[in-house]
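Colleague: Given two chains presented individually in distinct reference frames, assemble the corresponding complex, making use of the accompanying hints.
Chain order of the listed sequences is A and B. Count along the first sequence starting at 1, add 68, and that's the number in this note's numbering. Count along the second sequence starting at 1, add 120, and that's the number in this note's numbering.
The hints are all genuine.
Which residues of chain B face chain A? A few of them, derived with a C-beta cut under 8 angstroms, are: (1) Q223; (2) C270; (3) R294; (4) G329.
Since the hints were derived computationally from the structure, they do not count as laboratory data. C-beta: ideal position from N, C-alpha, C; glycine also.
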Amino acid sequence: MLEKALSGSKLYWTWLICLLVVIGAGFGAYLVQYNKGLMITGMSRDVSWGFYIAQFTFLVGVAASAVMLVLPYYLHHYKTFGRITILGEFLAIAAVIMCILFITVDLGKPSRILNVMLHPTPNSILFWDMIVLNGYLIINLVAGWVTLEAERKQLAPPGWIKPIIYLSIPWAVSIHTVTAFLYAGLPGRGFWLTAIMAPRFLASAFAAGPAVLILLGYLVKKLTRFDAGREAFETLAKIVCYAIILHIFFFLLEVFTVAYSAIPSHTSHLKYLYFGLHGHNNLVPWVWTALACGFTAIVLLVNPRTRKNPTILPFACVLVFICTWIDKGMAMISGGFVPNPLHEVTEYSPTGLELMITIGVYAAGALVLTILYKVALGVKAEEEAV
Amino acid sequence: MGVDRRQFLKLAGIAGALGLGGSVGFQLLKPGSLDAAERMPTPYQMVFPKSQGNSEVMPNPKALKGRRWGMVIDMRKLTEEKARAAIQACNYYHNVPDIPGKQTIKWIWLTGYVNAFPEVENPFADPEIKNARFIAMCNHCDNPPCVRVCPTKATFQREDGIVMMDMHRCIGCRFCMAGCPYGSRSFNFRDPRPFIKKEYPLYPTRTKGVVEKCTFCSERLAVGKLPYCAEASGGAMVFGDVDDAGSELRRLLRSRYSIRRKPNLGTHPQVYYLV
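Same shape as in the complex, but just chain B (with noise of 0.2 angstroms):
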């Protein structure tokens, strides 16, 4: 890139003259330069190069690819066991912390069919339905109320559908707990290091004052893994591309009927529950 002497000298005096620091002026005389030092990448960032448009980052070629990330439940599969198998892995991969009490944090949890389908109840429904214990979990709608309403980006949604969190751009201001219908967040009201039993080094911990989710295992699908609850759930969950015909999932869909958590408000949650 040619700068000329009186080229850089018009550039260095816009630059003083608005009052732009070292560091914006060198972006104005030269683009990109100073980004490796001053802008380390998040884990998020190194694992989503476009989205961030951090586009140096290369990803990983055995990344599972999907145009629109989506989970299927079979409730005839899905026991108790299973249910806590995949709660554990989740809880235990991510750091969750275990905080007894109201300002407990929960990633994926199991809750009644009244709680998780409050306008869907029905007395005479199938006792074994009707019993059963859901998943509760992030939806990652297509039409995430908590992506509007957040004031920094920290929510945003990714191109195939993934519904993440900043953690280090969230100010902790909790309108995103407002704005879902599932009550899929928590916010960090203490310091949850102490909370965690056995730390897993290989995902961050996270600090007070931000809120967290279930991310679809981002990091996992980033290194061709599916996400844990579907590992460990023995089948009983199933992860796929809702937008691919041909997968497992759309398999699934077809051949049993679903149902989605609250559908008439149009946030197209990507959670299906064979009933």
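Chain A on its own, in the form it takes in the complex (with noise of 0.2 angstroms):
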């Protein structure tokens, strides 16, 4: 089927080679770094994580969100979603691509990223995040390819496809829970030591993912002649309507128990965050932002006449995108090592160099998307012109 994605019309070519120069950029800039080391970025020995950790975390939640379409479709026989699970599917693989590049760039010694496996160590929730990610690509690559096969031959997917899609979905769950417990059960970084993360974590991408397909589905329409549906389009926002509200609600419940236990050692973070500590405030701005966008969205995603209208309904998933996206692609992983153990204050901002790298991984993703979808949709046409 990849033939799909050697033809094509001028507009997709460009589009490719645009990717492709971004992606080159993004490289060269990792030389940089790889040559030079992590010295680069605006990473430093307090914030020891930064942007790349937190676009993996976002990115880990988008790929999750593919559970909203396949659940529905597979469990409950929602037939509606039939036409983009398929997009929902291979819009997970390329966040999962995405996710795994972006853990290769953080580390300070990518040529020995093998020792993970060399020598598992079952104690390391990253030896986990690592089988997760990987399992969920694996299987999303079969499930996806499978049926989009047994489309083209307009034949029943294979059985044993079945079992391995059902699994998909637990398994969903687990990629963003176990990235959830990479932060969730360190002591001393009270910011993150809260038993909601997961489903905080969960709630976030339900949002973001399907915000982003719907915007997605927007797109193809306009380029291509393919239609999810009207209806799809509407149970995808009611999801992200419902996503947004419980996002907003777990950080409420975050806030009240922050707050009202006044335990230094964690509201210290939220005052960084949303107040600034000690003179402090990059993120202020952001953080209102996010939770201003995070508002807005759900008024516009809860009132009927807003959200069934194809104009708004874009609109308000780009808030949901900026409002989640700050959340996690920012405010998460600074919020947590700002203040530092020792409560000093080392602000970070990532260097231009780090954005670079950032925007090439993103591009490699967009690339695999593309091709993805470019077959899928050469599919889809092909059946309807049959």
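Modeller: As structure tokens, then:
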């Protein structure tokens, strides 16, 4: 089926070449980092994880959110999602690939990455994260490809794929739960030491992922003749609506526990993020923007009139994306490290090279996504032409 | 080890079928035959045969033996001058680079009371304690979170409690830095070598991309000497076996009130501050 990616319009090829140029620039920046070390980043002794790990955390959510399509379609036979489930699965593949790339560019000694497999360490959550991420990648590749191939041949998917698809449902939950455990089990990091880290991650994932998918759906509709259907968009919008409400609700639960208990090692992080600490307030405007976007999105999505409006819905989805991206892609990591365990404040902001590498990884994800979507939409178009 | 032709062919067949390359095949046929050639022992392996499973290297008979190493820091004796001498000795003999800015490397350093003990702040405490500069270092916890989170066992704990770093295995994921509640770990964001003012040739320098930390001078204990900081501090820092009730360290802990950093986290730090 891959040959479908080899023929396309001028726009398709221009887009691919643009992506390759951006990937090339990102790779160039990475070579500088490889040569000089992570000194080229804004990370420090106190904020030892930065933009890369934050993007990884955000994208794990996007990957996990495919379950929001797979589950209704395969478990509840919700036929409306039949046309876009494959798009969700392929989005998950691109997202997981970006996750793996982000972890790789974050390593101080990338040449030793296989040590994680050569010296398996079950007591390290990172070991399990490697297992669940790679497992999820394989599951989605197999499930997506096999069902699409069957669709192309106008056959029912083979029986053996069913258990794999069912497995993908708890597996999707596991990738984001394990990622939350990376942070949630650390003593002395008050901001992350919370049992609702995993549900909070999942809620924001189920908001962000389907929001991205709706936006992609609109884009696909504009660029090709493929239309997922009004009802599919509307159902997805409802999922985004519930999830963003849960996301904000979970955030408020955290605020209550932290503020009411008033334990300094827990309050100081929220104080830093939302009001600034000892005159350090880099992230304050960002986190309030995130909250404002979240609340506005809730208003727009709860109201059926605005939710069903095809021009307002994408706007609401952009707001959801901004809200969840700032929350996980910026605040979650910095907020956990600032102040440091000695109550000193060292702030973090990414450097230009760090941003270039980040954009390069996103471009690589976009490339994978474009090719996979080209194949999927090609098959769908062929099928409809018959 | 007798291996007859039939056995050899069988094993070779299995090894081949499993796709095991040359050296692995040898390991199956004659375990250990390639160890000497293939596994160049790291300095740590030479020093710590048991924990690394390298039983052919004998420990130095003069090595200090302790069941559980720990340190007592006497805040009445620790003057700024003594502290600086201890820090200087550690930095020099371990080739700790002097990198300015927020990507610095610290094995042992001075910090304020509220920074070392953020949860026991007391506005009316003895000003001598409140304004004192405390020495911060790796606590060599009984229950070290850094060991728990390390995905490659590059951070590991010896039987005598010392938390060690294998610089040759570390992948630089910095999970241990997120895990340590004491900020006791440093990452080599860059090549540290240009920042070593005067290199001490008997201790290895590090490369970029790995984490490093205080190791209680394990290399000194192995040859029967005390850690540099204990030696240079003029008696303000006492190193010893916390499991030995007769040790000087235990005598000090009995005689005076001591505190540990963040005891509520259950990491059981083994650095005690006499206040």
